[in-house]
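Construct the entire structure; sequences and hints are all you get.
Protein chains: 4
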Amino acid sequence: MKHGIKIVTIGGGSSYTPELIEGFILRSDELKIREICLVDIEQGKEKLEIVGAMAKRMIKKANLDWVVTLSTDRRDVLADADYVTTQFRVGGLEARAKDERIPLSHGMIGQETNGAGGIFKAFRTIPVILDIIHDMEELCPNAWLINFTNPAGMVTEAAINVGGWNKTIGLCNIPILFEKNCQAVMETKGQGEDLFVKFAGLNHFHWHRAFTNEGKDVTDVIIEELYNSNNFNDREEVANIRRLPFHYEQVKNLGVLPCSYHRYYYITQDMLDGQIDDFASKQTRAEVVMETEKRLFELYKDPDLDYKPEELSKRGGRYYSDAACELINSIENDKRTIMVVSTQNNGALSDLSDKSIVEVSSIITAHGAEPLAWGEFSAGPRASLQLMKGMEELVIEAATTGDYGAALQAFTLNPLIPSGTVSKKVLDELFLAHEDYLPLFNEAIAKLK
Amino acid sequence: MKHGIKIVTIGGGSSYTPELIEGFILRSDELKIREICLVDIEQGKEKLEIVGAMAKRMIKKANLDWVVTLSTDRRDVLADADYVTTQFRVGGLEARAKDERIPLSHGMIGQETNGAGGIFKAFRTIPVILDIIHDMEELCPNAWLINFTNPAGMVTEAAINVGGWNKTIGLCNIPILFEKNCQAVMETKGQGEDLFVKFAGLNHFHWHRAFTNEGKDVTDVIIEELYNSNNFNDREEVANIRRLPFHYEQVKNLGVLPCSYHRYYYITQDMLDGQIDDFASKQTRAEVVMETEKRLFELYKDPDLDYKPEELSKRGGRYYSDAACELINSIENDKRTIMVVSTQNNGALSDLSDKSIVEVSSIITAHGAEPLAWGEFSAGPRASLQLMKGMEELVIEAATTGDYGAALQAFTLNPLIPSGTVSKKVLDELFLAHEDYLPLFNEAIAKLK
Amino acid sequence: MKHGIKIVTIGGGSSYTPELIEGFILRSDELKIREICLVDIEQGKEKLEIVGAMAKRMIKKANLDWVVTLSTDRRDVLADADYVTTQFRVGGLEARAKDERIPLSHGMIGQETNGAGGIFKAFRTIPVILDIIHDMEELCPNAWLINFTNPAGMVTEAAINVGGWNKTIGLCNIPILFEKNCQAVMETKGQGEDLFVKFAGLNHFHWHRAFTNEGKDVTDVIIEELYNSNNFNDREEVANIRRLPFHYEQVKNLGVLPCSYHRYYYITQDMLDGQIDDFASKQTRAEVVMETEKRLFELYKDPDLDYKPEELSKRGGRYYSDAACELINSIENDKRTIMVVSTQNNGALSDLSDKSIVEVSSIITAHGAEPLAWGEFSAGPRASLQLMKGMEELVIEAATTGDYGAALQAFTLNPLIPSGTVSKKVLDELFLAHEDYLPLFNEAIAKLK
Amino acid sequence: MKHGIKIVTIGGGSSYTPELIEGFILRSDELKIREICLVDIEQGKEKLEIVGAMAKRMIKKANLDWVVTLSTDRRDVLADADYVTTQFRVGGLEARAKDERIPLSHGMIGQETNGAGGIFKAFRTIPVILDIIHDMEELCPNAWLINFTNPAGMVTEAAINVGGWNKTIGLCNIPILFEKNCQAVMETKGQGEDLFVKFAGLNHFHWHRAFTNEGKDVTDVIIEELYNSNNFNDREEVANIRRLPFHYEQVKNLGVLPCSYHRYYYITQDMLDGQIDDFASKQTRAEVVMETEKRLFELYKDPDLDYKPEELSKRGGRYYSDAACELINSIENDKRTIMVVSTQNNGALSDLSDKSIVEVSSIITAHGAEPLAWGEFSAGPRASLQLMKGMEELVIEAATTGDYGAALQAFTLNPLIPSGTVSKKVLDELFLAHEDYLPLFNEAIAKLK
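Quick mapping for you: the protein sequence lines, in order, are chains A, D, Y and R. Each step along the first sequence adds one to the number in my numbering, with nothing skipped, and position 94 is 94. Each step along the second sequence adds one to the number in my numbering, with nothing skipped, and position 177 is 177. Each step along the third sequence adds one to the number in my numbering, with nothing skipped, and position 172 is 172. Each step along the fourth sequence adds one to the number in my numbering, with nothing skipped, and position 293 is 293.
It should be emphasised that the hints constitute simulated quantities derived from the structure, not laboratory data. Here a beta-carbon is modelled for each residue, glycine too, at the ideal position from N, C-alpha and C. Just to be clear, a hint being listed does not mean it is correct.
Said to hold, decoys possible - One side only, chain D facing chain R, incomplete, derived with CB under 10 Å:
| # | residue |
| --- | --- |
| 1 | LEU177 |
| 2 | ALA184 |
| 3 | ASN253 |
| 4 | GLY390 |
| 5 | LEU394 |
| 6 | VAL422 |
| 7 | SER423 |
Said to hold, decoys possible - Derived pair list, reagent style BS3-like, types lysine-lysine, alpha-carbon separation capped at 30 Å:
| # | chain 1 | residue 1 | chain 2 | residue 2 |
| --- | --- | --- | --- | --- |
| 8 | R | LYS47 | R | LYS60 |
| 9 | D | LYS355 | R | LYS355 |
| 10 | D | LYS355 | A | LYS252 |
| 11 | R | LYS32 | Y | LYS216 |
| 12 | R | LYS61 | R | LYS47 |
Spelled out as structure tokens, the structure:
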């Protein structure tokens, strides 16, 4: 019998960590833990210590004997890890601010996981995840890699298809939010109990259908309620996305429910207008989050705080860490829970190749995620799904080879980046801005100077 | 709240029915029933009454208020049915005896669901299932059709892809047997607890993999134990299949575990040798079952018998009715149980088209079966899977059009039927023998006279 | 032996017709014609008579005995036709002007076959092509339909997949231009002789590779010469597309050569800037062509003009009619020429379904086009190809059902139309502007008023 | 301008060589040759010299200045080769006799390219072709490999997909025979002129359709004439296959025309009966050919014989060498002829993967074969096509790894080998019989002793 698991959290100095710790504490009856290692980079040491101290207080309060280890070198703690979770942000919020502000300064969507910004976040992150895998091969060859570093879909695809780490599962909080959303809509109709919400697509680019526990497909009902009535203006969604209305007729033609990030694609221009205002008033998401973070760390410093403070939920990643804890719990205890994760397609989505990483409703078992077959989409979602997967492949190609042409191709295809001279301009500006975090591209960047 | 469900069982006069009744009784806490209608044809009236009386005794003993209705006209009882289960046998055991003896008389496998016999069982059964669907459209348009009439895969494919009845699920007892088999093997290794056994393929033609609750793939371990050792000679399998050993090296190359029926394909000649002996001694399966049936009905006549007699388990369909009850229970209560059923592929098996009916591990929900994605097979199983699906399509084409050429094509492709003059001879002999049950082929049969 | 073929040209009053006639005359040795019927609508009668008279003069000059018939009712002339060619424009150049100016007035690409304008051209044209097919079924059930009405890909897909007219082939002049273009580039390298240029994609959205007659793949060489040097600024292309440079690095990553229309997608913003200027100076393509047309018809009126005037080549459709004549010649004489046509995919492009209509290098035989297998594209072209095909399917769905949601979905997906409120605005404005030609949408349009 | 090509023929001592030389001579106007090297193994030196001398006489008679070189070491002559053709037979006719007689001695089809014999021919040949490729990489990296060593499909697939030699084309004479066959049938109907016969499938396992030069699909007409009438008993086919009649109804259901080798699959039992007779009378094909060969070499020895003798056509490979010469001519001169060759699928057959090697009508260009898209087959041919491709993959896997399980799996799947104990017995007997030519299997063979 195993004497509890060891979890290594890379990016452990994040302000999210208390939620993660809370999630583990809530599951302590089922999930036996022996050690939690929080790892961060040297520059994040101060934050790591603040968060680490708080984590220890929370665990102590819960009367648990878990060891909390802090480290600024993952190689010191990876040995014998059972689960490695990743929540790091290469370049920090400063890099995110550039991902947002540079595209916006040229009149295009600036966002950390979509468009030009998302592509550059992938460029910075993918080489790091591959380095982590390299260390894991050596130090903890049987560990699971639970990735919730964004852009989670591309990072997971790189980990599995480039890094060859099959025991990787990517995770996002958006599906849970939308499941709750559907539930709430159907509750007003008296049919919300134990709704089955089935998702398929890519990370931040998936669709869902909902079925009642009497077997009725209520997708259309929810579409009507959400997009053809005035009742649901205040339905909860993710904090970090402007809640502009979708076009009802377009969603109806989809035949499936879109996720919040689809706003960037389905109502691009309206989303852009809002972002331009934020840009002008220095209120882009990174800028807002910097403020929130500052406040959170002030709170965390309080040596008496031994529970997750309310303010954390405003941070945007609500349910994220909770999902991660439940995922680890399901794997560890072979619970066969249905969760929505990024995993290898294996035929589940007929419109993509078997090897592609998709975000899809899956049974979570001790041997990994078993995706539920979804079949084909109708022409609308299929077309954009296939476009985005191609774009993702180009991003991964560029991120792992340093090929400038692949990067430009990804920019050319991305629906949030107007193609042409302006596209190359933004690309080059971002390359120069993020130079320090893009060693593979140094040859290409040198030519731009 | 629903006032209990109505179940119509076509072929209700079968000797299996007591097991079905027992299955419902065992689930009476969860599964609320108001009426069970047992339907059989006029010629089966006597058996129907014997079995019906026994069913009533069993239900009474269990202190349940379920109404049991007997009928020789399904149209009298289909109205408002919630579930229609099918377990009928067109032409009875006499037809089965012909399916077995005629091919054997020409030196080829005679079996009720495989080879020439299985093809003719499909020819007789498919038009009847389509007629049943026709009645259901009119009388119970929302009912589920739970098919366990063999050949279950082809009958289910015809029901869904020809009859258009999407709410059809096909069921077989073999996967349960093999799950138990894997469990038993692994128990000897101390790892049998809550094994995850994942199936994919076609009815009576599927393969499986097994994983422990610690996430270890133990498929290879089980292959070694079963086919490369002497320990498991007495592993339980289905009663109606000769337990000859597979070639270890061939199974090892498969990389997945075969089902019992694969013996007909993987060791055809050896199976045939055994059947030839049975044929000579008038002990083919139909002949044996006729005897068993006779004994069972003698037992059922006993007005004091109010429980399923032991003898029934020898009948071959062990766990069959049990599986059917659990399936209905899972649908009715949206239990999301993992079961192995015949349902539409939808991408789960990448080697077949999305529309094909496959037998595959699925989550059973109130809205139907959600198959788990399996992905691609290696060359060995893939090749025979694709062959068999094409053959099945030809059988369904012939069964629904009366096309002699399609029937001969199916015979030509079927691995259990040597092609050539002999194949046409057996085909023609079977057409003449089953003429009464093949109205669609009457033009083709006329030419043979 | 056949006594010459009968060709019916719908839209025969077009200014292109003299080129078509010239093409037939040039092939008169091989291609035996008995009658050419020029058909146009009542409003086009004057032009039809001018062009018809000229056609007769050209044929007379060539000493041919072909009958030229003029008609304003296709039903009068379709009987016994061997080939029906379509070159009509529903709504005339006035409609084209709206397709261009309305999108441009909202700051998006205005073009007759791409973007919002192309979608509306499809909406107007597809119902008419289906009506023509309806008449052909009755009057000339064995005729070939040679479509060069734009958007040729979608119109051909509707003709085959909706209208069921399998003997439809779509045609475009762009591939010929690009073949000549490659030839010219390679001639400067001394390797232009009999280049093999292989195309695949969709109409106005295809790519090509080039091979020398020594078997060398020179695609990369041509990419370098065209997009990474200053030598080829004056390479001939189509008259109606602004010749802005592609980004070299992006084309290099493609690995295949783009067609001229790809400029709208690969350098959208730059193309738009140019169009905005044209828009401001009332020099959009429709406006320019109206002028050219006026001049052409003045020329055609000259009772002494009996040859194709030079001015016609400026019209944009250069080689178009020539290609049509060669296509008819190849079919009629089973010439097995390699041509690039719109035909059913049948596996040629692995990235699209077998049923899709694609534009692809094919052998032209008496039984139709046999496409050459192309296989898979790399991620870049694949992604946009799959996007565009989905968008095309939505356009056809909308055009044949009048579904507003499908139209809005097509707008949302189209890379040339920024999605959001602005997209719906342009859609609605175009619906109102083209109302007279969109009877299927009248319900949807009524709601907009 | 090139100074003529160099052709290296491996297995040059074959009795076929005079036909090959004749083919080159007939094309000497078009095809400029500078050297022909005939290579054979040490044991074949005598034959090589006889054939070589004869080749020289033929060339001299034709007044050509081609150099003929003879060698027993291919490495001596491969340098600068433009074309390497392979027509060798590992183990000679003695090995072929075993491939035929051993299976027959157990009552199953014995044939050199199909069934157990064909599988062992592949086992012996594939390692040798990979060795040749190894030498070519070093000595003539730009040469084309024209393979007509049987089993040509599997050998070509190994060369391309294992050896990575993309410039390989496989060739067979069967398609030419069937094209002529269709032509002859249609000539009796006055429609044979320039028939277009389109093939798709695998080597010795393909189907075809025929179209007149007026565009009429006459496949059904030919099926009727060949299989539903008594007129065509004497239609020419390949010398080495017993001409038993197919079942008309089965072929009709196929909807396409089978090739001669399909007899082994479609009328297995009848073919077997014939072979059993040959076996008993020591007249299996190898035994007959040994006699023919003996006579041929006696003829070749005649120092006055300077033309291909009539007797050669009885050898079975009629048109084979002719096809090879035309293939080389088409590549060399970029003739874009339509020929049927084994090449990479690339989507041409939608029922197989893009990477599979298929035998398919193709345009032969200087850069290789461009297959014509065929699309999907109906269920009958599709099912057996997919079965055979899987079996071929297993054969190649076994041949390149020495894996006994893969070999047994191939035997189990092959429709000409009854599965079970008997199958393993034949497998083992063949392994022992061919031991000298199967070094990769030595470990597996050791276990059998």
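Right, here's what the structure says about each hint:
1. The beta carbon of D:LEU177 is not positioned within 10 Å of any beta carbon in chain R (closest approach about 23 Å), and the interface hint is therefore violated.
2. With a cut of 10 Å, the hint placing D:ALA184 at the interface with chain R is violated, because the nearest CB-to-CB distance is about 25 Å.
3. Below 10 Å, beta-carbon pairs count as interface contacts, and D:ASN253 has one with chain R at about 3 Å; its hint therefore holds.
4. The criterion of a C-beta within 10 Å of any C-beta in chain R is met by D:GLY390, whose closest approach is roughly 2 Å, and the hint holds.
5. A least Cβ separation of about 5 Å between D:LEU394 and chain R falls short of the 10 Å threshold, and the interface hint therefore holds.
6. At its closest, the beta carbon of D:VAL422 sits 5 Å from a beta carbon of chain R; the interface hint therefore holds under the 10 Å criterion.
7. The beta carbon of D:SER423 comes within 7 Å of a beta carbon in chain R, closer than 10 Å, and the hint placing it at the interface holds.
8. A threshold of 30 Å between alpha carbons decides the hint, and for R:LYS47 with R:LYS60 the separation of about 20 Å falls inside it, so the pair holds.
9. Straight-line distance between C-alpha atoms of D:LYS355 and R:LYS355 comes to about 24 Å, which keeps the hinted pair within the 30 Å bound.
10. Of the pairs offered as hints, the one joining D:LYS355 and A:LYS252 holds, with about 25 Å between alpha carbons and a cut-off of 30 Å not exceeded.
11. The hinted pair formed by R:LYS32 and Y:LYS216 meets the criterion: a straight-line CA distance of about 19 Å does not exceed 30 Å.
12. For the proposed pair R:LYS61 and R:LYS47, the alpha carbon gap of about 21 Å is at most 30 Å, so the pair holds.
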